[in-house]
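Those protein sequences? They're chains L and R, same order as listed.
Mapping the first sequence onto my numbering, position 100 (from 1) lands on 100, and the numbers just tick up by one.
Mapping the second sequence onto my numbering, position 52 (from 1) lands on 52, and the numbers just tick up by one.
Keep in mind that the hints were calculated from the coordinates and are not lab data.
Using N, Cα and C, we set each Cβ at its ideal position, and we do this for glycine too.
Wrong hints could be hidden among the right ones.
[To be verified] Chain R residues, not near chain L, derived (Cβ > 10 Å throughout): (1) G14; (2) M15; (3) S20; (4) A31; (5) Q37; (6) N50; (7) T55; (8) N58; (9) P61; (10) R63; (11) F64; (12) S72; (13) H79; (14) S94; (15) Y99; (16) T110.
[Claimed, not checked] Taking lysine to aspartate or glutamate and the EDC-like style, the derived pairs with C-alpha atoms no more than 20 Å apart in a straight line are: (17) R:K36 <-> L:E5; (18) R:K41 <-> L:D10; (19) R:K18 <-> R:E100; (20) L:K54 <-> R:E100; (21) R:K40 <-> L:E5; (22) R:K41 <-> L:E5; (23) R:K52 <-> R:D85; (24) R:K40 <-> L:D10.
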Amino acid sequence: GIQVEQSPPDLILQEGANSTLRCNFSDSVNNLQWFHQNPWGQLINLFYIPSGTKQNGRLSATTVATERYSLLYISSSQTTDSGVYFCAVSTGTASKLTFGTGTRLQVTL
Amino acid sequence: ETGVTQTPRHLVMGMTNKKSLKCEQHLGHNAMYWYKQSAKKPLELMFVYNFKEQTENNSVPSRFSPECPNSSHLFLHLHTLQPEDSALYLCASSLDRSYEQYFGPGTRLTVT
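My request is simple: use the sequences and hints to build the entire structure.
So this is what it looks like as structure tokens:
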């Protein structure tokens with residue numbers, strides 16, 4: 001099956017700093033989603049981005065499908081950005097989302 | 001925001017108990033999913049239903065029994081679970097397969 005790798009596994013930032021999270025995948029995808037999992041376990045949809053670039057406030061994402069990677073940019077980070085960020089993909093007609101192991105982000109004052 | 005609800009949010013059960021998890025989506029979606037998130041493993045798919053029909057079973061043990069009476073409701077019936085089944089169980093829905101999936105808040109299950 002498809003492999004999804006996320007980097008870095010852990011990231012500590014001071015409030016106000018910018019960061020880039022990376023997701024590499026091993027096959028062509030028809031669905032790529034970025035999620036933020038809060039401390040209570042809720043998965044919050046950030047982007048649905050199988051290709052191209054999208055922006056939502058301080059967050060933006062870019063997927064280069066031909067090179068099999070996606071990037072999540074967080075600018076001017078806030079303590080509320082802390083949590084685990086997951087990339088998840090699906091291929092072909094499959095409905096199954098395959099998740100990466102996540103990037104654990106901690107934003108400090 | 002979430003249009004997917006799950007009950008209960010927390011559940012503690014013994015290995016001989018029978019319990020059920022409930023998921024409801026208010027998004028008009030046709031596909032629903034159960035995922036499991038264990039402490040030391042990535043989130044993994046358990047079951048997929050599309051238009052009430054099960055389309056995927058990811059080699060899940062028979063002590064987990066899903067039920068989808070309609071496109072808005074999904075249940076996971078649990079019986080004779082093991083302590084290693086303790087995990088966060090997440091429900092999701094999408095308009096159709098391969099579309100964007102939306103997740104509920106999860107049920108944190110502890111098997112004693």
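Structure-based check of all given hints:
no. : hint             : result
1   : G14              : holds, 23 Å
2   : M15              : holds, 23 Å
3   : S20              : holds, 19 Å
4   : A31              : violated, 6 Å
5   : Q37              : violated, 7 Å
6   : N50              : violated, 7 Å
7   : T55              : violated, 7 Å
8   : N58              : violated, 7 Å
9   : P61              : holds, 18 Å
10  : R63              : holds, 21 Å
11  : F64              : holds, 16 Å
12  : S72              : holds, 17 Å
13  : H79              : holds, 24 Å
14  : S94              : violated, 7 Å
15  : Y99              : violated, 7 Å
16  : T110             : holds, 13 Å
17  : R:K36 <-> L:E5   : holds, 19 Å
18  : R:K41 <-> L:D10  : holds, 16 Å
19  : R:K18 <-> R:E100 : violated, 32 Å
20  : L:K54 <-> R:E100 : holds, 15 Å
21  : R:K40 <-> L:E5   : holds, 16 Å
22  : R:K41 <-> L:E5   : holds, 14 Å
23  : R:K52 <-> R:D85  : violated, 25 Å
24  : R:K40 <-> L:D10  : holds, 15 Å
When held up to the earlier numbered hints, the structure conflicts with 4, 5, 6, 7, 8, 14, 15, 19, 23 and fits the remainder.
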